[in-house]
Amino acid sequence: MKRYLAGGVVVVSAVAGLGWLYRGSSAPPSPSSYLSERPAPAPSQPATPQPAAASTSPVPTTPTVPPSSSPSASSAPPAAVELKPSPHAVPAAVMQQLPKNHHVLAFTSSDFNGDGLRDFVVVLGRDDEKKGLNPGATEPAPKRPLMVFLQGASEAFVLNARNDQAVYTADQGGQCDPFLDGSEKLAAKGEFFTVQNGVACGQHWTDYITFKYSPELGKFLFHKRIFESLELNRSGSGPALVPGQRTVTTAQKAQPVLLENYAPAR
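According to the UniProt record's numbering, the stretch in the sequence shown is residues 1 to 266, in order.
Treat the hints as calculated values from the structure; they're not laboratory data. Among the clues, some could well be false.
[To be verified] Using 30 Å as the maximum straight-line C-alpha spacing, the simulated DSSO-like pairs for lysine-lysine come out as follows:
(1) Lys-224 with Lys-212
(2) Lys-143 with Lys-185
(3) Lys-189 with Lys-224
(4) Lys-212 with Lys-143
(5) Lys-143 with Lys-224
(6) Lys-100 with Lys-84
(7) Lys-185 with Lys-224
(8) Lys-212 with Lys-84
(9) Lys-253 with Lys-189
(10) Lys-100 with Lys-130
(11) Lys-189 with Lys-219
(12) Lys-253 with Lys-130
(13) Lys-185 with Lys-212
(14) Lys-84 with Lys-185
(15) Lys-224 with Lys-253
(16) Lys-185 with Lys-253
(17) Lys-219 with Lys-185
(18) Lys-219 with Lys-100
(19) Lys-253 with Lys-100
(20) Lys-143 with Lys-253
Given the sequences, and given the hints that come with them, work out the whole structure.
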């Protein structure tokens with residue numbers, strides 16, 4: 001195992017042993033297995049507590065701000081706050097701010113800054129990006145902008161950051177598209193979101209890059225990058241593919257890297 005400093009981050013590189021190694025698990029990490037949850041704030045206690053009645057509100061099916069488990073003084077516990085707008089579509093107020101000649105490739109949402117409002121991460125592709133993949137193309141595939149919008153009052157959205165490097169382009173995965181061919185392209189939980197690059201044709205690897213919202217800065221910072229690969233098993237027995245390289249790069253608190261300035265080494 002080696003440790004070295006590169007670009008403001010501490011890099012730990014190692015070759016994985018038998019099985020996928022992720023916090024002692026025998027299986028590859030799930031998209032959000034390493035995303036931390038923000039603890040729920042404790043409610044204030046009133047002067048004269050009264051028994052709490054059972055809530056008749058249905059359990060919401062969308063992410064919510066969890067109520068505290070402490071006893072409530074009101075006649076009923078506070079209802080969970082539903083994050084709006086819907087997580088199943090990019091809001092019109094966000095679509096209006098996207099650059100021209102681009103379309104949405106993927107998006108996800110979470111309450112990144114803890115204000116009870118749903119925020120969005122959107123990845124875009126240029127309308128003509130497939131043109132660069134044609135035989136004989138002389139230009140590389142275009143960048144895929146990643147844009148983060150925080151929601152304000154009256155469902156207005158403000159662009160907090162943009163990065164054109166974290167999402168792999170269409171020609172950076174060999175035979176596959178290293179972003180679109182993945183089963184889950186983005187993951188978000190609490191103040192974290194992860195870009196999930198990876199291929200499973202010819203080469204087999206995943207490159208998960210996680211960012212975290214900083215309430216002190218009001219911006220997103222690079223948090224962690226985990227690269228894992230599979231290689232052909234040349235032993236003549238066992239599975240066809242065995243674990244190969246595993247590299248973990250973590251942020252250095254003394255030298256934070258803003259999302260808009262982050263550029264992963266390829």
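Non-conforming hints, listed in increasing numerical order: 12, 19
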